[in-house]
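Asks: From first to last, the protein sequence lines stand for chains A and B. Under this note's numbering, the first sequence has 260 at position 260, and the numbering climbs by one with no breaks. Under this note's numbering, the second sequence has 170 at position 170, and the numbering climbs by one with no breaks.
Misleading hints may appear alongside valid ones.
[To be verified] Some residues of chain B that are not near chain A, with every Cβ distance over 12 Å (derived):
id, residue
1, Arg54
2, Asn73
3, Pro103
4, Pro127
[Unchecked claim] Computed footprint of chain B on chain A; a stretch qualifies when at least three of its residues, placed anywhere within it, have a C-beta under 8 Å from a C-beta of chain B:
id, segment
5, 73-82
6, 133-139
None of these hints come from the bench; they were simulated from the model. Only a predicted model underlies this, so the values are computations on that prediction, with no experimental measurement involved. Cβ atoms here follow ideal geometry from the backbone N, Cα and C, with glycine treated the same way.
Number of protein chains: 2
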Amino acid sequence: MAYATIRDVARRAGVSVSTVSRALNDSGRISQETRDRVRQVIEELQYVPDSRARSMHSLHSQAVGLLIPDIRNSYFADLAYSVQHELLRHDLQTLICTADDRPDQERTLVGNLLGQHIDGAIVVPSPSPSPAVDRLLRQGIPVVYIDRTPSAGPDGQTGRVPVVDADPRSGLRSAIADLHAQGHRRVTLITGSLEDSDTLRERRRVFERELSRFPDMSDPQTQDPGIRLGWEPGSTARNARLAAVLKERGTTAVVFSRSQDAIEALGTFQGAGWVIGRDLSLVSFDDLPIFSLLTPSISVISQQVDRMGAVSVATLLRLMKGEEARSLRLETRYIRRQSVGPSPGSAAGVTAPPGTPVLPNGRRVCKGQPGGTGNDP
Amino acid sequence: MAYATIRDVARRAGVSVSTVSRALNDSGRISQETRDRVRQVIEELQYVPDSRARSMHSLHSQAVGLLIPDIRNSYFADLAYSVQHELLRHDLQTLICTADDRPDQERTLVGNLLGQHIDGAIVVPSPSPSPAVDRLLRQGIPVVYIDRTPSAGPDGQTGRVPVVDADPRSGLRSAIADLHAQGHRRVTLITGSLEDSDTLRERRRVFERELSRFPDMSDPQTQDPGIRLGWEPGSTARNARLAAVLKERGTTAVVFSRSQDAIEALGTFQGAGWVIGRDLSLVSFDDLPIFSLLTPSISVISQQVDRMGAVSVATLLRLMKGEEARSLRLETRYIRRQSVGPSPGSAAGVTAPPGTPVLPNGRRVCKGQPGGTGNDP
DNA sequence: TTGATTTGCGGTATCGTTACCGCACTGGTA
DNA sequence: TACCAGTGCGGTAACGATACCGCAAATCAA
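Whole structure, please, built from the sequences with the hints as guidance.
Replies: Below, the structure written as structure tokens:
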């Protein structure tokens, strides 16, 4: 015998299935005595109500789909963790689906989710509009986009889907201010070649705007700070070229739009004899776990992944209750670590002169300044 | 109107629900003409069969639970990815559950899984026996343990649950052989303080045994190669102490049982002025993505995570079909990278003399020797 | 032409659970 | 005694899909 059913419990307790159901859900009228007896039988039989049958009746499956590109990417893993945690707090089950950026797989997975009659979905939208996600929307399933703002759909707009993502401005502003205070005047942003990614494009735009707030950083040589090399991972030639370009420009500090690029370039810089934090200061987007473990520890612009998970769940819950929900941009935070030091040949940075030992993993968090989100004067 | 049902399709196609069901499953006798018409209506209505209702009837839910300690750990994320991928190939859905090593959460999650009437489960067992997993077993649900061999249960034995894990021997043998060939004679294993972890204990035992195969490596000073410091992460004092101990012992090469420790210590070593791969050679367990990106790239003993996922799924499928399934140990592989070089002051290592540039990310894979798994002469 | 077989399809019980209806019994009031 | 409200519980119809039974019509053999 595999699973015990409500009928088995009823038989053994000498009551009807209705009574067992009442004992389970604390609904309707039932005597204390009967309830205790039924509960005891439930314990004895290790009975667990069949959530499939239950949800068929109630029209709610208590399940939410989470669609991400790749669970192996530690950023998305963090995201999945916080979303799952938050949903669990609301007695909702998370169905994690890794679409691998493959439309056919996404199709299959969304089909599975629809088959399970999920109550809602949290989706990391792919760069190109996804027909699979459109299917979710057409079914009227509440959807929240997370992490990325999708480009306008084929039918003109992204619809009324709320987006929860990170605003790079606050973090970039703090980072650039810190670099400026440390005497850096030539700061270069290194963005990927993925210029079809809205996220990277925005980071570049905001970087330029924030840089221009400091007149002495806006000389012609750094006017176009974006370097877009043929940025395939693991390319030795590319890394060498990057180092040459930085030297030529007289760059003393770099900001990486993509954490993976930072990790790779790190080795190249060290291999070229540069001491990170002294000869070259370095800031990366995304606070990966290893960044605080490495020596020197890496300064980052953090996305507050855990909050993003919590907020997206809250937004989804609103939608599921039929309430209105608005898009929300979370502040990014600049976290200063050892990889940022005073600019070489500069009188600045008295607070941390060269050679001063810094505690490993020591953090100095610089919160992004609060303020309006998006509307510039 | 939310979801279309089989009845909606039947009405619209002018047939009975039985006929629609036949068109869906290609079962029973149905004319080509009718099937096409029904299929077209299914397209029009974007109908997706309700897998809950379907599975209620068939006694199979087509869902498998995956119980892991933490999805944020990139090792488990890799594992989850390969398991999910492999299950998807067999039209099975994966329900990823992160137990956080918290028994109460594990209880809740297993309860959910039972409520969904999962067809099977793949479980990374916790160090201590888990009552939640016992519940799965008592329900007669097929279970496969993965990655860790659980200690004997409270009732004497682990039962007839197959285990799919990694055999550290092949990788350690290759690693030690390579280190020996490079002239290293003092090799130290750095294991965590978690001596209640069977995995770490075994790695230590095997390390000692493999080391003793080389008489010139087994002098009294390295007889007890395990260092067990108060190994809390982020402790500066600990890292300094580690460096001192290594210097005192004359260690020229270290092997880390835990990848996280390797990452942390890496910075300390470099901070102490040591050049990894020249002054000190370094090998770590687990092939994390960053290890091949760092400079110098880190030599590792890899667990073949993708194969582990595939094999555990295959094992589970056997159990689900009612067939017998045996435990299996997968070979670990030694992957040599830049972090291993000739021992300082040694004539060995002619193939890679000091100073010879090594290509970034250049791999030289040394397969562990095949052989019997576990039975020593 | 008759009987047997095959083909195509509809009706219905069933999976496990909950919501609703309604019955029997108790106890209080007129 | 008759009436009524309240309590505790059982019976049953859904939820959506499938498997089985069985009925017509078509096809075939004799």
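Asks: Compare the structure with the hints numbered earlier in the document and write down the numbers of the violated ones, lowest to highest.
Replies: 1, 2
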